[in-house]
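Novice: Using the sequences and the hints given, assemble the complete structure.
Its first residue numbered 4, the sequence shown is counted upward by one per residue in my numbering.
Treat each hint with caution, since some may be false.
[Stated by the list, open to error] What follows is a list of derived Cβ distance ranges for each label pair: (1) V133 / V288: 18 to 26 Å; (2) D5 / V288: 43 to 51 Å; (3) R72 / A206: 34 to 42 Å; (4) P171 / I59: 54 to 62 Å.
I should point out that these hints are in silico values taken from the structure, not numbers from a laboratory.
We put the beta carbon where it would ideally sit given N, CA and C, even for glycine.
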Amino acid sequence: MDWDKLRIFHAVADAGSLTHAGDVLHLSQSAVSRQIRGLEEALNTNLFHRHARGLILTEQGELLFDATRAMSKRLDAASARIRDSEEEVFGELRVTCATGFGTLWLAPRLPALYAKFPDLKIDLMLEERVLDLPMREADVAIRMKEPSQADLIRKRLMSVRMRLYATPEYLRANGTPQVIEDMVNFRLICQSPSAAQVSAGAALIAQLMAHPSRSTFTVNNYFGVLQAVLNHLGIGLLPDYVTEDFPHLVRVLPDLDSADVPVFLAYPEELRQSRRVAAFRDFVVEEIFNYRRNRRDGQTTGS
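Specialist: Rendered as structure tokens:
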């Protein structure tokens, strides 16, 4: 097949329009149309259904688009590796992370990374869905469980536990529960049981809701839970790492916590030599070391 025609086909399939693809490719609509017609003639098949609102891929077009999409991702990876052969760290790094960890732990620490590498461009994708790293949906992932995909370099960073926290103001106004059965008299703030979350957190929520609270507030991520707790709405189930940045929060029912939630950093084997990935990996590892040291020092001071 003609590589140039495949490139134009990919742009048209991605845009769903000859005009929009022409804008991206800096070609006229007629030039794009000729290339698509030539590719269809070479393959002896129709790749698109034409209609008033644009173009829809035929079954044969979908097959070809799957192939060009994979080619595009591989070319992006090769381009990234070539750029990473330079000594300086620069360019885009796509990082995927769970919403809670990304907003509450990672994002507040990124100024230190940008101070060291000001030309870095981080695209932080916060979602619970596991993105496909080998297919280059992201360059690096921080996940709340060990990745199962093959051909990934992975490093366990730390373990997290879910615990109950409240502000001193809320506890002064409402009292402090002494046993889990007391939670019926307090407002529980947590993720909705139906929300995507780590299984250890869901298990602890189920345990708490076995003793129905008089009032609850549920939200679909831990950032929302934290904001509600900070505004004295109730007692919230939060990951234990929030206490470093919000040390005034009081742990409630200190004997109650979840099972360990492992935190892993992972990236594709083909990005092993990437300077951007290495810079991000080393930064996260150093921040984890500092976080652990601060927790140890805090526990020693507290004892």
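Novice: Measuring from beta carbon to beta carbon, are P171 and I59 in 54 to 62 Å?
Specialist: Holds, at about 59 Å.
Novice: Taking the Cβ atom of R72 and the Cβ atom of A206, is their distance within the range 34 to 42 Å?
Specialist: 38 Å, holds
Novice: Quick check on a hinted range of 43 to 51 Å for D5 and V288, using CB atoms only.
Specialist: Hint holds: Cβ distance 46 Å, inside 43 to 51 Å.
Novice: Do the beta carbons of V133 and V288 sit within 18 to 26 Å of each other?
Specialist: Holds: the Cβ-Cβ distance is about 22 Å, inside 18 to 26 Å.
The structure meets every hint from the earlier list without exception.
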